[in-house]
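Colleague: Chains as they are written, first to last, in the numbering used here: chain L, 1 to 711; chain X, 1001 to 1162; chain B, 2001 to 2099.
Worth flagging that the hints you see were computed from the coordinates, not collected in a lab.
Incorrect hints may have been included.
Derived lysine-lysine pairs resembling DSSO-like cross-links, with alpha carbons at most 27 angstroms apart [unchecked claim]: (1) 417/L <-> 359/L; (2) 418/L <-> 359/L; (3) 506/L <-> 359/L; (4) 711/L <-> 1117/X; (5) 123/L <-> 1125/X; (6) 210/L <-> 417/L.
Examples of chain B residues toward chain L, derived with CB under 7 angstroms [what the hints assert, rightly or not]: (7) 2018; (8) 2022; (9) 2092; (10) 2095.
Everything numeric in this text was worked out from a predicted model, so none of it was measured.
In this text, a Cβ means the ideal position worked out from N, Cα and C, and glycines have one as well.
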Amino acid sequence: MYRLALQTSTEYAEKTEIASPWLISHAWVIPLLMVLSFVIILLFGKRMPKRGAEVGITAVGAAFVMSCITVFQWIQHVDKSLEGEGGSALSGFGKSFAFSTPGESSVAPITQTWDWWSNGLIKFTAGIQIDGLAVMMLFVVTFISLLVHVYSTAYMEHDTRYTYFYAALSLFTGSMLVLVVADNSLMLLAGWELVGVCSFMLIGHWWEEKPNSSAAIKAFLTTRTGDIGLLLGVIVTFFAAGQTFNLTEINEAALAGRGGHTIWLVGASLLLMGIIGKSGQFPLHTWLPDAMAGPTPVSALIHAATMVVAGVYLGGRLYGVFWQGFSIGDGGMNPMAIIGAITIIVGALLAFVQDDIKKVLAYSTISQLGYMVMGLGVGAWVGAIFHLFTHAFFKALLFLGAGSISHSGSHHSFDMKKDMGGLRKFMPITFATFMIGSAALAGVVPLAGFWSKDEILATAGQSGFHFFQIVGIAGAVLTAAYMTRCIYLTFFGEYRGHHHPHESPKAITVPLIILAVFSTVAGLANAAPLGIEKFVEYVEPRQAFPPIVVPEFEGILAAVSVMAVLLSVGVCSYLWFRKDQLGPFKGLTQRNAAARGGYTFLVNKYYLDVLYTDVVVGGIKGPLARSAYWFNQNILDGVVNGIGRGAPAIGRGLYKYVDQGTVDSAYNGLAKETGAAGGLLRRLQSGQVQRYALLIVIAIAIFSIALILAK
Amino acid sequence: MVAQNVAFWIIAIAMVLSAIGVVRTSNVVHAALYLVIVLAGAAAQYILLAAEFVAWVQVLIYIGAVVILFLFGIMLTRSPMGDLDLDNSQRMPAFVASLALVGTLTALLVDAFGNSKVVIDAPTKTSVLSSDIFRLYIVPFEAVSILLLAALVGAIVLARRD
Amino acid sequence: MILNQFLILAAVLFCIGIYGVLVRRNGVLVLMSIELMLNAVNLNLIAFSAYLQETSGQIFVLFVITIAAAEVGVGLAIILLLFRNFRSPDLDQAQQLKG
Chain L
1 MYRLALQTST EYAEKTEIAS PWLISHAWVI PLLMVLSFVI ILLFGKRMPK
51 RGAEVGITAV GAAFVMSCIT VFQWIQHVDK SLEGEGGSAL SGFGKSFAFS
101 TPGESSVAPI TQTWDWWSNG LIKFTAGIQI DGLAVMMLFV VTFISLLVHV
151 YSTAYMEHDT RYTYFYAALS LFTGSMLVLV VADNSLMLLA GWELVGVCSF
201 MLIGHWWEEK PNSSAAIKAF LTTRTGDIGL LLGVIVTFFA AGQTFNLTEI
251 NEAALAGRGG HTIWLVGASL LLMGIIGKSG QFPLHTWLPD AMAGPTPVSA
301 LIHAATMVVA GVYLGGRLYG VFWQGFSIGD GGMNPMAIIG AITIIVGALL
351 AFVQDDIKKV LAYSTISQLG YMVMGLGVGA WVGAIFHLFT HAFFKALLFL
401 GAGSISHSGS HHSFDMKKDM GGLRKFMPIT FATFMIGSAA LAGVVPLAGF
451 WSKDEILATA GQSGFHFFQI VGIAGAVLTA AYMTRCIYLT FFGEYRGHHH
501 PHESPKAITV PLIILAVFST VAGLANAAPL GIEKFVEYVE PRQAFPPIVV
551 PEFEGILAAV SVMAVLLSVG VCSYLWFRKD QLGPFKGLTQ RNAAARGGYT
601 FLVNKYYLDV LYTDVVVGGI KGPLARSAYW FNQNILDGVV NGIGRGAPAI
651 GRGLYKYVDQ GTVDSAYNGL AKETGAAGGL LRRLQSGQVQ RYALLIVIAI
701 AIFSIALILA K
Chain X
1001 MVAQNVAFWI IAIAMVLSAI GVVRTSNVVH AALYLVIVLA GAAAQYILLA
1051 AEFVAWVQVL IYIGAVVILF LFGIMLTRSP MGDLDLDNSQ RMPAFVASLA
1101 LVGTLTALLV DAFGNSKVVI DAPTKTSVLS SDIFRLYIVP FEAVSILLLA
1151 ALVGAIVLAR RD
Chain B
2001 MILNQFLILA AVLFCIGIYG VLVRRNGVLV LMSIELMLNA VNLNLIAFSA
2051 YLQETSGQIF VLFVITIAAA EVGVGLAIIL LLFRNFRSPD LDQAQQLKG
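Generate coordinates for the entire structure from the input sequences, incorporating the hints supplied.
Modeller: Written out as structure tokens, the structure reads:
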């Protein structure tokens, strides 16, 4: 993969002669460019000939070129530093298959810091930190974003808010880039929140329809739930690391175990909450499928390059904290791996019962993000980040493919059962690229997904996490099965729609083809059995980084997972392609109560939404209101009324048993007393502010006198 | 030192008497004028404490702007002029509560600070203040400016007729 | 000069302000009493600033003065609104929350 990126970047470097390390130490221009583009589109976009799209595409194109140059410069920087240290000589990319073991040499990230602001005596800095992880993310984000920008010219052509869409897209990309280049957790938090705001704007792009705006609000609020964890995590790590926001210093402090293990456990758990929210992990994954309400290019961007990968990126960036907090090195169970493993299975199972093609892909993303988080949890840092990298290409491909189908094949519908079927004859390019994307997702050799998934599984096994290895293979089997179902429903059988499907325009197919090429070859960037380990070499940090296991390639494991995947594809295809479709399983949900129950359970998404809206929100709102009402009716009124009502009752009792002559006066007296008591209580509730203020002041005076006397 | 103490006591007595005037007078405009004396007295105390810049800010903003605002408020609400009963019915309990608070506060202060002396070498330079504001407290400064803007907008929204 | 003479003066002014807030019916007069309380706090801050030989107290007084100005603006707007609704600036007119 790097080889490809680099060839383009060398060309640019030769043409423009910017091979000096200038760009890498001034990488802040890349996000700045996108933000500027946002401002320009917002101010002048409507009056431009292409309604602002040209500004966005130019900006993101330039950002992409610059990101390629930073990739190139970073590789040179690593090579040079290693040579200078007398480490393994790496005389350039491409031809060298040797790699260095991390730890034996140190290549520091390139950083630059400015004073941002200060409050009292605490200084806050802003800065960039460029290392392998950052340049990899820069490349992925700008690359996917460029393709999405181009694709949208055709897809969003007739949209009423076309200019606004491009402005938001630019800001979305820009905020993700801010997050990526940040050298301190505060800037990272700022980028993180900006990404959340932009996703809100874009998911709710067609806000005129209620479900869309609700989806946007849901996405925003659900991720915010996790963001609280992130905010608290940033604060905890700030103090735990000795009052610093600097990411490297936090990692160093965490690995040294400064201040004890517990504080890092707290910090890591809080940060994990942020990851769960943003990266759609169980149990906060419910916003992701609903986020499909946004335009398809946005879904591609959200699922491949921005937003959801922000969480995984955070996990990779502050890995020292997680390593220390969750004791990942010890090989025991830890929350991160467990959450990831649950998410893999939960997401994959849900993908089976969706009729909406985008929702299948959304649940697939959830499942794949589970792989990444589980990878981080089992110490497979390289595998997780590598999977993020490959997943970006094939998931963007699949989403853009789904968009192509709805744009030209099914008349803006995403329903596989109603409006699709048999599309392979009408849309050959979309079909071919979608097949490649699905195969890469399922992990078919030698496409991208295979290498990264294998890396995670191998590391899990060799670090002693055998359980998670099995979960991973099970997830791969499920993935292959639901993608087979999805492809069958979309491309095979008879066309069930009522329109005239045709192939999409070039602005849509060209990005698809480019992404298909990348989905095929991206895995070669770190193909361990072929001796290429570019990720270990260039992406993995060498400073402030835990001693992770670099796995040996396991032929048997790879063979098992590939066989499992192929078997799954085979069985599913056999079942679907039979004349009587699904054969013995057809109508299973109608015949078998257990199967029907399972189906209903899945269709209702494990009832999580019900849990959140009805049980949690309703549970808090309803009873709270009810109990307040009850309190009002029974206690407050009861005190006043009860005295009034109870007194006559007593009075009647007295009347019955006591001599009438004495009763008269007693009864009247009691009634008067209750009236007075009620009046006294009522006077407290005067409705006058100053009366309330007087009560407060009297209370303060009494308390302060009491405190002084107590002393 | 003696001169300063004499000045302090004169000003302090004037301030307390005027403050009582603010809360006791039966004429609304008189209350505003008594308030001017208290505010001016506070400015004088700031000068005694060598805080020149703050003292002048006090004169400009409080006496110059805030009191004018009050007079406008009196005018716009057509508060009845002349001798009227301006108090509500809770005079007694309020007096007792305030007195209790003065007592406790004084007791606490005497206990905590005793005879600690204030030593003043030289007046605080405005340049020192300004560099502190714009270096150390720039963020609160900006926040306050946003707050002023918000208050401005809020006041207009509340007070306009539509 | 001892520190306490300023602090006790401030305490007295503060409590006179409290008394005013509690007993005055006219909303404008209540606001004036609040200004008395704010000034008492400012006097405290300046006194401590001089006592500790530190400028931050004075800076906070500047902030308080700014905020007090904003508060008077909004407060008078509210009283104006009250006046429009009840034809009187008296606070005890507003007792819709009476139980």
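Colleague: Quick check on residue 2095/B please, does its C-beta sit within 7 angstroms of some C-beta on chain L?
Modeller: Hint on residue 2095/B: holds, closest Cβ of chain L at ~3 angstroms, below 7 angstroms.
Colleague: At a threshold of 7 angstroms, is the proposed contact between residue 2092/B and chain L supported by beta-carbon distances?
Modeller: With Cβ-Cβ at 5 angstroms, under 7 angstroms, it holds.
Colleague: Hinted pair, alpha-carbon criterion (27 angstroms max): residue 210/L, residue 417/L. Please report holds or violated.
Modeller: holds (24 angstroms)
Colleague: Hey, does the residue 2022/B contact hint survive, CB to chain L under 7 angstroms?
Modeller: Since the shortest Cβ distance to chain L is 5 angstroms, the answer is holds.
Colleague: Under the criterion that the straight-line Cα-Cα distance not exceed 27 angstroms, is the pair residue 418/L, residue 359/L satisfied?
Modeller: holds (15 angstroms)
Colleague: Residue 506/L and residue 359/L were given as a pair; does the straight-line alpha-carbon distance stay at or below 27 angstroms?
Modeller: At roughly 25 angstroms apart (the allowed maximum being 27 angstroms), residue 359/L and residue 506/L satisfy the hint.
Colleague: Just to be careful, I want the Cα atoms of residue 417/L and residue 359/L compared with a cutoff of 27 angstroms; is the pair within it?
Modeller: holds (13 angstroms)
Colleague: Tell me if the straight-line CA distance from residue 711/L to residue 1117/X falls inside 27 angstroms.
Modeller: Holds - the C-alpha atoms of residue 1117/X and residue 711/L are around 26 angstroms apart, at most 27 angstroms.
Colleague: Hint check: residue 123/L vs residue 1125/X, CA-CA at most 27 angstroms. Holds or violated?
Modeller: Judged against 27 angstroms, a Cα distance of about 25 angstroms means the pair holds.
Colleague: Against chain L, is residue 2018/B within 7 angstroms by beta-carbon distance?
Modeller: Where the cut-off is 7 angstroms and the nearest Cβ of chain L is about 6 angstroms from residue 2018/B, the hint holds.
Of the numbered hints given earlier, the model fails none.
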